[in-house]
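Work out the full structure: start from the sequences and follow the hints.
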Amino acid sequence: MSQENQIMKDWPLWEVFVRSKQGIEHKHCGSLHAADAQQAIRMARDVYTRRQEGVSIWVIASAAITASDPEDKDTLFEPAKDKVYRHPSFFVIPDEVGHM
Amino acid sequence: MYTQSLIEPDDTAKSSQRESVSALLTPEQHAVQMAAQVKFDAVIDADGKIEPKDWMPDAYRKTLVRQISQHAHSEIVGMLPEGNWISRAPSLKRKAILIAKVQDEAGHGLYLYSAAETLGTSREQMLDALHAGKAKYSSIFNYPTLNWADVGVIGWLVDGAAIMNQIPLCRCSYGPYARAMIRVCKEESFHQRQGYEALLTMMRGTPAQQEMVQDAVNRWWWKCLAMFGPPDSDSPNSIQGMRWGIKRISNDDLRQKFVDATVPQANILGVTLPDPDLKWNAERGHHDYGRIDWNEFWATVNGNGPCNKERLATRVKAHQDGQWVRDAAMAYAQKKNAAQLAHREAA
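Sequences listed follow chains A and B, in order.
Under our numbering, think of the first position of the first sequence as 1, with each following residue one higher.
Under our numbering, think of the first position of the second sequence as 1001, with each following residue one higher.
Take the hints with a grain of salt, since some may be wrong.
To be verified - The following residues of chain B were derived to be distant from chain A, with all beta-carbon distances above 10 Å:
{"no.": "1", "residue": "Leu1080"}
{"no.": "2", "residue": "Ala1100"}
{"no.": "3", "residue": "Tyr1143"}
{"no.": "4", "residue": "Arg1193"}
{"no.": "5", "residue": "Thr1206"}
{"no.": "6", "residue": "Gln1210"}
{"no.": "7", "residue": "Arg1219"}
{"no.": "8", "residue": "Thr1272"}
{"no.": "9", "residue": "Asp1275"}
{"no.": "10", "residue": "Glu1296"}
{"no.": "11", "residue": "Arg1311"}
{"no.": "12", "residue": "Gln1320"}
{"no.": "13", "residue": "Arg1326"}
{"no.": "14", "residue": "Met1330"}
Unchecked claim - When the alpha-carbon atoms are kept at most 30 Å apart in a straight line, the in silico DSS-like pairs for lysine-lysine are as follows:
{"no.": "15", "chain 1": "A", "residue 1": "Lys73", "chain 2": "B", "residue 2": "Lys1062"}
{"no.": "16", "chain 1": "B", "residue 1": "Lys1049", "chain 2": "A", "residue 2": "Lys81"}
{"no.": "17", "chain 1": "B", "residue 1": "Lys1317", "chain 2": "A", "residue 2": "Lys27"}
{"no.": "18", "chain 1": "B", "residue 1": "Lys1095", "chain 2": "A", "residue 2": "Lys9"}
{"no.": "19", "chain 1": "B", "residue 1": "Lys1317", "chain 2": "A", "residue 2": "Lys9"}
{"no.": "20", "chain 1": "B", "residue 1": "Lys1335", "chain 2": "A", "residue 2": "Lys9"}
{"no.": "21", "chain 1": "B", "residue 1": "Lys1317", "chain 2": "B", "residue 2": "Lys1335"}
{"no.": "22", "chain 1": "B", "residue 1": "Lys1095", "chain 2": "B", "residue 2": "Lys1186"}
{"no.": "23", "chain 1": "B", "residue 1": "Lys1317", "chain 2": "A", "residue 2": "Lys83"}
{"no.": "24", "chain 1": "A", "residue 1": "Lys27", "chain 2": "B", "residue 2": "Lys1336"}
{"no.": "25", "chain 1": "A", "residue 1": "Lys83", "chain 2": "A", "residue 2": "Lys73"}
{"no.": "26", "chain 1": "B", "residue 1": "Lys1053", "chain 2": "A", "residue 2": "Lys73"}
Please keep in mind that the hints were generated in silico from the structure rather than gathered at the bench.
Ideal Cβ positions, reconstructed from N, Cα and C, are used throughout, including at glycine.
Okay, structure coming up:
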């Protein structure tokens, strides 16, 4: 119950993603507090795009994001470490082949 | 518009609890903590970044919460001396510019509060500390803005000093703070240039206008020099801040940079900086300058400046007056959510 009261009292936190121009992906640019998603978008407009930094805004409740744990960083990303053959530079090709 | 050197403790209780917490750790927990500390130190030594969920020493976290929240408060309180002039700006153009600048300061405050929140403190806690008079903010805003030239001088000198302070913070070891500062610094240059240009316009005007500019410069110059914080010999916290990659350049070095950059700007403007000891020292390759009145600085930091009470009262009133708006928005959002939920259940 106390948690519900807390929610009633304070505006929740939202993460803001802005697409800087058509053709570019939305990029995380910060967070803000707002009562709901629509208000979060309006506020993001004022907080993060005062100088035409965006053509589109996404907001998502921060509480809805699931993030990987930094403690798991090594085990999570280790499998890619020894697979250097996934990079084109792994393969040696004669110079006379030219650009490939 | 802030000083990185305002790393004075807030008036909250000093923490001796850190030792007591470590004393409670089992040997295993202690070993885990030591290993985490080694990892943290390695990242710092390699000039890497610490992100919100990474392990960090309590003291690092506390220092950052204090510094970032003080910085945020400074942006928010910093709106007041200038906001004062919005209704009295001399033209529609200057008024629009000033509104944009003050809005930027609000934005800077919001970027910074968000950065501080990633460290586990809540917006409400920070605002409560500010409103209760426990949290510090930059002392420069506890001085009055007496004439229109003050608005120009705040842009030129106060924001100019802030830029000197803030640029090194873009390389701060704490990722969210560094990212917020990059955004702030991009916008801050407009603040300084609009101020300088407003002053240039006045200096091309009547003798009375020129006198207003000189008067404003006389009143703000020394306070701007003090913004960089106490001399290095008197800043014991600086060493730890440097070690942690939070502070990059010492108070005195930044102050010197500011003086050297400002002297030629003052010449072009045609104003005199009010310091008889200010002169070029060819041997050092820098300008020498006179003694700063640190007693006045500390008196203002400790609450006895000319506007401390007024600023805080204005800030508290603004927050209280906005309470019904926050409540109404929340009530509306909840009503809408409930309606949506009911609709879904019915479907």
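Checked hints:
1. Residue placement check: Leu1080(B) keeps its beta carbon more than 10 Å from all beta carbons of chain A (closest about 19 Å).
2. With a cut of 10 Å on Cβ distances, Ala1100(B) falls inside the contact zone with chain A, its closest approach being about 8 Å.
3. With a least beta-carbon separation of about 27 Å from chain A, Tyr1143(B) lies farther than 10 Å from that chain, consistent with its non-interface assignment.
4. The beta carbon of Arg1193(B) sits about 14 Å from the closest Cβ of chain A, which is more than 10 Å, so the claim that it is off the interface holds.
5. No Cβ of chain A comes within 10 Å of the Cβ of Thr1206(B); the nearest lies about 35 Å off, and the non-interface call holds.
6. Listed as a non-interface residue, Gln1210(B) keeps its Cβ farther than 10 Å from every Cβ of chain A; the least gap is roughly 33 Å.
7. Residue placement check: Arg1219(B) keeps its beta carbon more than 10 Å from all beta carbons of chain A (closest about 30 Å).
8. With a least CB separation of 35 Å from chain A, Thr1272(B) remains clear of the 10 Å interface cut-off, as annotated.
9. Listed as outside the interface, Asp1275(B) is consistent with that label: its C-beta sits roughly 37 Å from the nearest C-beta of chain A, beyond the 10 Å cut-off.
10. At roughly 36 Å from the closest C-beta of chain A, the C-beta of Glu1296(B) stays outside 10 Å, upholding its exclusion from the interface.
11. At roughly 23 Å from the closest C-beta of chain A, the C-beta of Arg1311(B) stays outside 10 Å, upholding its exclusion from the interface.
12. Under the 10 Å C-beta cut-off, the non-interface status given to Gln1320(B) relative to chain A holds; the minimum distance is some 15 Å.
13. With a least CB separation of 7 Å from chain A, Arg1326(B) falls inside the 10 Å interface cut-off, contrary to its annotation.
14. With a least beta-carbon separation of about 5 Å from chain A, Met1330(B) fails to lie farther than 10 Å from that chain, contradicting its non-interface assignment.
15. Proposed proximity of Lys73(A) and Lys1062(B) is supported: the alpha carbons are some 25 Å apart, at most 30 Å.
16. Under the criterion of a C-alpha separation no larger than 30 Å, the hint pairing Lys1049(B) with Lys81(A) is consistent with the structure, at around 21 Å.
17. The suggested pairing of Lys1317(B) with Lys27(A) is violated, with an alpha-carbon distance near 36 Å, which exceeds 30 Å.
18. Restraint check: the Cα-Cα separation between Lys1095(B) and Lys9(A) comes to about 35 Å, which exceeds 30 Å; the hinted pair is violated.
19. Proposed proximity of Lys1317(B) and Lys9(A) is supported: the alpha carbons are some 19 Å apart, at most 30 Å.
20. Between Lys1335(B) and Lys9(A) the CA atoms are separated by roughly 14 Å; this keeps the pair inside 30 Å, and the hint holds.
21. At roughly 28 Å between alpha-carbon atoms, Lys1317(B) and Lys1335(B) fall within 30 Å of each other, so this suggested pair holds.
22. A C-alpha spacing of about 22 Å is found between Lys1095(B) and Lys1186(B), which places the hinted pair at or below 30 Å, so the restraint holds.
23. Proximity of Lys1317(B) to Lys83(A) is assessed by CA-CA distance (about 61 Å); at most 30 Å being required, the pair is judged violated.
24. Under the criterion of a C-alpha separation no larger than 30 Å, the hint pairing Lys27(A) with Lys1336(B) is consistent with the structure, at around 29 Å.
25. Taking the CA atoms of Lys83(A) and Lys73(A), the gap is about 17 Å. The hint holds against a cut of 30 Å.
26. The straight-line distance between the Cα atoms of Lys1053(B) and Lys73(A) is roughly 11 Å, inside the 30 Å bound, and the hint therefore holds.
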